[in-house]
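Protein chains in written order, with the numbering used here: chain C, 102 to 457; chain H, 102 to 457.
Be aware that one or more of the hints could be misleading.
Remember, identical chains collapse to one label, so a pair may be satisfied in a single copy or spanning two.
Listed next, the in silico EDC-like pairs over lysine to aspartate or glutamate satisfying Cα-Cα at most 20 Å (straight line) [unchecked claim]: (1) Lys269 - Asp303; (2) Lys194 - Glu120; (3) Lys322 - Glu301; (4) Lys194 - Glu211; (5) Lys199 - Glu139; (6) Lys277 - Glu301; (7) Lys199 - Glu180; (8) Lys322 - Asp303; (9) Lys308 - Glu340; (10) Lys277 - Asp303; (11) Lys199 - Asp178; (12) Lys412 - Glu105; (13) Lys193 - Glu211; (14) Lys154 - Glu211.
I should point out that these hints are in silico values taken from the structure, not numbers from a laboratory.
Please read these numbers as outputs of a predicted model, since none were measured by experiment.
Protein chains: 2
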Amino acid sequence: MKTERLNNVIRKMSEHGLEQMIISSPASIFYLIGRWIESGERMLVLYINADGKCRLIINELFPLEDEPGIDKIVYNDREDPVEILSEIIEDKKVGIDKNWPSHFLIRLMEKKRGLSFQNGSPIIDEARMIKDAEEIQLMREASRVNDKVMEEIIPLIGQGYTEARVCKLLGDIYEKYGTASFSFHPLIAYGANAAEPHHESDNTALKNSDSVIIDIGGITKRYCSDMTRTVFFHQASEEAKEVYNIVLEANRRGIEAVKPGARCCDIDMSARKFIEDAGYGQYFIHRTGHNIGIDVHEFPDISSVNTMEVKPGMIFSVEPGIYLPGRLGVRIEDLVVVTESGYEVLNHYTKELQII
Amino acid sequence: MKTERLNNVIRKMSEHGLEQMIISSPASIFYLIGRWIESGERMLVLYINADGKCRLIINELFPLEDEPGIDKIVYNDREDPVEILSEIIEDKKVGIDKNWPSHFLIRLMEKKRGLSFQNGSPIIDEARMIKDAEEIQLMREASRVNDKVMEEIIPLIGQGYTEARVCKLLGDIYEKYGTASFSFHPLIAYGANAAEPHHESDNTALKNSDSVIIDIGGITKRYCSDMTRTVFFHQASEEAKEVYNIVLEANRRGIEAVKPGARCCDIDMSARKFIEDAGYGQYFIHRTGHNIGIDVHEFPDISSVNTMEVKPGMIFSVEPGIYLPGRLGVRIEDLVVVTESGYEVLNHYTKELQII
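Chain C extracted, bound-state conformation (with noise of 0.2 Å):
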């Protein structure tokens, strides 16, 4: 049990006015029990009681070594895990997990008839929100390997293979790095396919000056990267050159608007001003970035509309960008850690316009 983040959470369990949570996702699991565990079908819950006691209730299917703090309740298919749940739940109010299965809190609801419940999520997302230096530790590792990635897809994908193959590539180099999985599946766009931020890489072959679109990340060791990168394949033309140049600059500001008490809102502008004031603003149609750590997106985005003040140790991407419907796009994002006096940025692969 990882004591120092679990009291971290009972603390804003009492903010929140809840006395008691159950928590399912196998992320926020791996986060306070360090244990990554997926049961698929089988219910698997930790009871966190604002009383220091907490309860994992898990099939003997996953077998879990047992652990100082963790107090294991282990079920068979034979039995109700709802059941056993509903005895250890007290008359109060219970948090939930957002995405517990409706099936588990309807059956929840039967055994425990009056009991109220309130999505305990937020407390648990805004714990996660804050990275502790073990977990700063792993997100700059993760970005390390990513930069190592980036840097040998590059040459490769001038060579003219196909947006999708080289899709395939990047999983064979990440699992080189000893990366588990994509965080993500890699976002890799040709010329007009570029302007399209949710493109599907597909089978379209790359052409002479089309810009090219690199957005890939891995999980290493539970935690996840992302970066992007434009580059221009033989050529690019002096339009493509300009938005680049507004995009680099774009990032640099909103990764220099970065420090404890910012708002999120305040660094989204600090790229978004920068593109508006060039003539690009209304290119630039999707927020400036997101947090990240163990799952890719996680609380809060780094959003216009959001007032929240950045803190240290929270880790988000600044991924501003520029699409020209049917003719280009460019995005440059890196991942940065706010700390004590400002900012540390996990990626450092170049950002210097590139022809391949």
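With chain C's structure known, arrange chain H on it following the hints.
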């Protein structure tokens, strides 16, 4: 809208005493409306009223053409989809999709105090259990691809790739046949690994006289295939041959038992008893099969405790196995459709003992 399927669901709703229900699983929505939509965190709900009116509540990010019989309610990120849903729902018990994330249900309870809920998934699971002619044809196509993939992969295995490498090669072969993805992560298990039914394919190399379990499936036009064959490398011991022939006969007997009115447990017992009588009962450590369709594991299981009678249109696996810890494993699996008079086997790749 697939009207016959919807009417069938509505009939079952009244059998279950429900006048309204919420479906959220992409597979069940696909089953009813013929479109596959994955909306991530954003609420996607098909509301079905027993009076025949359906509403699909969908975020504007997932554009869907208008189609007769589907009344779309499109919301954007500034709107609250649970509010929209709460205005549609009548003050009667509601069936809820088993995997609907709890935070939606908690919000709905807040907005509609006093409303009661029940797990509505058995209704849709029972409807999906009986495949119609269109689905049976799609399942035939999916299994035809699987037969071809099996035929291609077996000679490659003999070339000495690791288990994990074979899994990669499988991805390329499925892709060649236009199969979107695996229906489950392929299981390629050599020697002692083949004795662990849930082994994860790793860097194990093939050794002389190893048994090789090949349990594979792909998703073709949204329908899943699933087949297992076992072969031997260079030679097979007398014990291995004996075990193989027992499992083969158990597979045949399980299939022969399939006809309308047979109970799932009877089919299980037909395969299991032959293995028990041969003295290997303790080494057949799983159920005989599971239903399959849009999802690779559907309701119900073909197990020793399921007394449900099978009906025409059900499709399930018959997959007995014998696992001798530390030595070898053999499993032989085919998909079978229940017909009016008996069965149709969907897999045609040979089951003769092969030494590669």
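Hints, verified against the model:
With identical chains, the CA atoms of Lys269 and Asp303 are at most 20 Å apart both within one copy (11 Å) and between copies (19 Å). Proximity of Lys194 and Glu120 under a CA criterion of 20 Å is satisfied intra-copy only: 7 Å inside one chain copy versus 30 Å between copies. Taking the shortest alpha-carbon separations for Lys322 and Glu301, only the inter-copy value of 18 Å comes in at or below 20 Å, while the best intra-copy value is 27 Å. For the identical chains of this complex, Lys194 and Glu211 are neighbours both inside a copy (15 Å) and across copies (13 Å), given an alpha-carbon limit of 20 Å.
Taking the closest pair of Cα atoms, Lys199 and Glu139 come within 20 Å of each other both inside a single copy (17 Å) and across two copies (18 Å). Taking the shortest Cα distances, Lys277 and Glu301 sit within 20 Å of each other only across copies (18 Å), while inside one copy they are farther apart (24 Å). With identical chains, the CA atoms of Lys199 and Glu180 are at most 20 Å apart between copies only, with a shortest distance of 19 Å across copies and 25 Å within one. Taking CA atoms no more than 20 Å apart as the test, Lys322 paired with Asp303 passes between copies only; the shortest distance there is 18 Å, against 29 Å inside one copy.
For the homomeric pair Lys308 and Glu340, the shortest alpha-carbon distance inside one copy (17 Å) is at most 20 Å, but the shortest distance between copies (59 Å) is not. Proximity of Lys277 and Asp303 under a CA criterion of 20 Å is satisfied inter-copy only: 14 Å between copies versus 24 Å inside one chain copy. Taking identical chains as interchangeable, the C-alpha atoms of Lys199 and Asp178 lie at most 20 Å apart only when they sit on different chains, with a minimum of 18 Å there against 25 Å within one chain. In this homomeric assembly, Lys412 and Glu105 come within 20 Å of each other (Cα to Cα) only inside a single copy, at 18 Å, whereas the closest approach across copies is 56 Å.
Within a single copy, Lys193 and Glu211 get their C-alpha atoms as close as 15 Å, and across copies as close as 17 Å, so both meet the 20 Å cut-off. Taking the shortest alpha-carbon separations for Lys154 and Glu211, neither the intra-copy value of 25 Å nor the inter-copy value of 29 Å comes in at or below 20 Å.
Of the numbered hints given earlier, the model fails hint 14 alone.
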